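Between the sequences and the hints, there should be enough to build the whole structure, so can you do that?
Protein chains: 2
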Amino acid sequence: MQAEADSVTISLDEVRELALGALTVSGADHDNAEAVADVVVQAERDGCASHGLFRIPGYCASLKSGRINGNAVPRVDTARPGIVRIDGDNGFAPLAVKRGRPFLIEKARRSGIAALTICQSAHFAALWPDTEPIADAGLVAVSFVNSRSTVAPAGGKKPVFGTNPMSFAIPRGDGKPPMVFDQASSVMARGEIMIAAREGKAIPEGVGLDRQGRPTTDPAAVLDGVQLAFGGYKGASIAMMVEILAAGLSGGEFSFEAADNYTADNGPSKAGHLIIALDPQLFHDQFSDRVELLFRTMLAENGTRLPGDRRLQYRQRTPIECVSIPRPLYEEIMAIVSRG
Amino acid sequence: MQAEADSVTISLDEVRELALGALTVSGADHDNAEAVADVVVQAERDGCASHGLFRIPGYCASLKSGRINGNAVPRVDTARPGIVRIDGDNGFAPLAVKRGRPFLIEKARRSGIAALTICQSAHFAALWPDTEPIADAGLVAVSFVNSRSTVAPAGGKKPVFGTNPMSFAIPRGDGKPPMVFDQASSVMARGEIMIAAREGKAIPEGVGLDRQGRPTTDPAAVLDGVQLAFGGYKGASIAMMVEILAAGLSGGEFSFEAADNYTADNGPSKAGHLIIALDPQLFHDQFSDRVELLFRTMLAENGTRLPGDRRLQYRQRTPIECVSIPRPLYEEIMAIVSRG
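Read top to bottom, the protein sequences are chains A and B. No gaps in the numbering here: position 292 of the first sequence is 291 in numbering that gives the first Met the number 0, and each next residue is one more. No gaps in the numbering here: position 161 of the second sequence is 160 in numbering that gives the first Met the number 0, and each next residue is one more.
I should point out that these hints are in silico values taken from the structure, not numbers from a laboratory. Errors might be hidden in some of the hints.
[Stated by the list, open to error] Label-pair distances were calculated between CB atoms; the ranges are:
#1 B:P318 <-> A:D259: 40 to 48 Å
#2 B:N260 <-> A:S10: 17 to 25 Å
#3 A:L292 <-> B:E330: 41 to 49 Å
#4 B:P214 <-> A:P101: 44 to 52 Å
#5 A:A201 <-> B:R304: 28 to 36 Å
#6 B:E204 <-> A:G57: 37 to 45 Å
#7 B:S337 <-> A:D308: 55 to 63 Å
#8 B:D288 <-> A:P214: 30 to 38 Å
#9 A:R171 <-> B:R109: 29 to 37 Å
#10 A:D28 <-> B:N260: 52 to 60 Å
#11 B:G302 <-> A:R171: 40 to 48 Å
#12 B:D284 <-> A:P101: 24 to 32 Å
[Stated by the list, open to error] From chain A, some residues computed to sit far from chain B (all C-beta separations above 10 Å):
#13 G199
#14 E242
#15 E320
[Unchecked claim] Result set (SDA-like, lysine to any residue): computed pairs, CA atoms no more than 20 Å apart in a straight line:
#16 B:K200 <-> B:A220
#17 A:K156 <-> B:A299
#18 B:K156 <-> A:T296
#19 B:K157 <-> A:K156
#20 B:K97 <-> B:D76
#21 A:K156 <-> B:L298
Keep in mind the model is a prediction, meaning the values are calculated, not measured. Don't be surprised by glycine CBs; every beta carbon is placed ideally from N, CA and C.
See below:
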């Protein structure tokens, strides 16, 4: 548990500067560092500490070890009418997404639906920064990424799947921000378990098993053992689907392969990524009005809320209240920046 | 609980004959009756009693009441490069799927990805008969259908979503049948709860709440109350996504609208339907080999199995062992056939 005195309050501009500085001295060029820093800033802005500055030391270590290419130039293949295929040149995924997204949006507007795949890149498993801009452009987006194997298949006690998140984003009318959800196929996101371990907090039962396959509430034992999929075999089916859609279609590494090729630098794993974009206007011209009717119906009962709502509330507060960063993390990143 | 003497053993040909006979005397023309009977036969063949002959009395009642059009002529619009839009002419969905699928497959092979939507039709919420033929044609299929509101949103105790299943089907090499899963967004499929109620069996805790929002294991109380999504808020997010993809994009009814327009004839609800097809060869030429590697890795540990495996095992046994139908159901359908 951390006392108030053990944290540092900084603005989003300072978050960006810290991230950019640390990534740059660790070997990333401007375009790569900026694309990663954008995601880190969005995570801190939206109250998702598990994908914010918390990840920077790992990203920097994987740049320094050469596992990730900080000067990656993603190669974008748009030859097929409905597909954008990207080879990430062994870099971080955000630059690959940024380079491919305009083509995806163009193809979806032309055909009604299009897909983007990425292989040879390291994804952070925060998907809403990938899908929300597509919804900002008026399209529906569904995205899947696999990662490093930490989750058991149905009936198993050994890791095969990653936490394999999926994200779903839709545009809304009247200047409202898109509705976006982003959820792991595991009961708990790995970043949250890492934070619990760091802070010495217990995790709920059912999140995972220890190395011997026994239930445990010790986050360190689960990190060393195996995570469980949400909702039993149904969540495990979804984790498997994500594995096939994200890695099978892109040619990226399956999560168990990414784990074999992983070095313990806490950086992101190489895996695969799929984004599907659909132009709702080409499907049904009343789409937005219809979706608002659904949302009103959902929210008519007390206690309900839309997925992603908590993130939007954070987003409104952050520019005023700034961001609170654990002091040890702040000092760790400052040391990277100054040490180079 | 039913004793052996209370069931009738019949062949799949007899299942088809019963279904065709009952639907035809209830007002369905040949094409419509045949498309529905095909799904019923597949369900009985694969051990899915909840979508087999069990549903025939409801289908016949909804034909007789005129709620469903037994002479539907689905209208197929293929104008957009990546979309097949179908108006089901107020009939049962299987004929609409059958008419639209060849166009979906052709578009997916040309572009890499394509979508098919259906509105104005009544779907049975068994999705694998829709997706498996697409995988038989060498494509990956993902499908979503909403239904009649029976499931609460996250934090709610009143029905807004349907049981909203999704299905995922992929082709496999070496003459193996496709891997297909088909799972409700609710903890339990409604058909299973209906069968438990019919047989007087309790259902597990967590499946649903009674009309007052209290947990119960009485299937009748849950049918009268509300079902819960699998895996808590994550399953509820998926149920919401299905609602938007299936009904929002197609122009079909949302589940709460379908409920308002529903008469208690136990027939299927009108809602919306989305199928996405992807040609894996246009994404990555090693797709099949890669997927087999994933499956071998999953199955390396004792106790694991592939989703849909139980259905394939049933499928092999059924032609030899025939199908066991509860005698009261058999007699009910025979009465429909002879009474007209």
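Taking the hints in turn, this is what the structure says about them:
{"no.": "1", "hint": "B:P318 <-> A:D259: 40 to 48 Å", "verdict": "43 Å, holds"}
{"no.": "2", "hint": "B:N260 <-> A:S10: 17 to 25 Å", "verdict": "53 Å, violated"}
{"no.": "3", "hint": "A:L292 <-> B:E330: 41 to 49 Å", "verdict": "44 Å, holds"}
{"no.": "4", "hint": "B:P214 <-> A:P101: 44 to 52 Å", "verdict": "50 Å, holds"}
{"no.": "5", "hint": "A:A201 <-> B:R304: 28 to 36 Å", "verdict": "32 Å, holds"}
{"no.": "6", "hint": "B:E204 <-> A:G57: 37 to 45 Å", "verdict": "41 Å, holds"}
{"no.": "7", "hint": "B:S337 <-> A:D308: 55 to 63 Å", "verdict": "57 Å, holds"}
{"no.": "8", "hint": "B:D288 <-> A:P214: 30 to 38 Å", "verdict": "36 Å, holds"}
{"no.": "9", "hint": "A:R171 <-> B:R109: 29 to 37 Å", "verdict": "32 Å, holds"}
{"no.": "10", "hint": "A:D28 <-> B:N260: 52 to 60 Å", "verdict": "59 Å, holds"}
{"no.": "11", "hint": "B:G302 <-> A:R171: 40 to 48 Å", "verdict": "44 Å, holds"}
{"no.": "12", "hint": "B:D284 <-> A:P101: 24 to 32 Å", "verdict": "26 Å, holds"}
{"no.": "13", "hint": "G199", "verdict": "26 Å, holds"}
{"no.": "14", "hint": "E242", "verdict": "6 Å, violated"}
{"no.": "15", "hint": "E320", "verdict": "26 Å, holds"}
{"no.": "16", "hint": "B:K200 <-> B:A220", "verdict": "12 Å, holds"}
{"no.": "17", "hint": "A:K156 <-> B:A299", "verdict": "11 Å, holds"}
{"no.": "18", "hint": "B:K156 <-> A:T296", "verdict": "13 Å, holds"}
{"no.": "19", "hint": "B:K157 <-> A:K156", "verdict": "36 Å, violated"}
{"no.": "20", "hint": "B:K97 <-> B:D76", "verdict": "14 Å, holds"}
{"no.": "21", "hint": "A:K156 <-> B:L298", "verdict": "12 Å, holds"}
In terms of the numbered hints stated before, the structure departs from hints 2, 14, 19, listed from lowest to highest.
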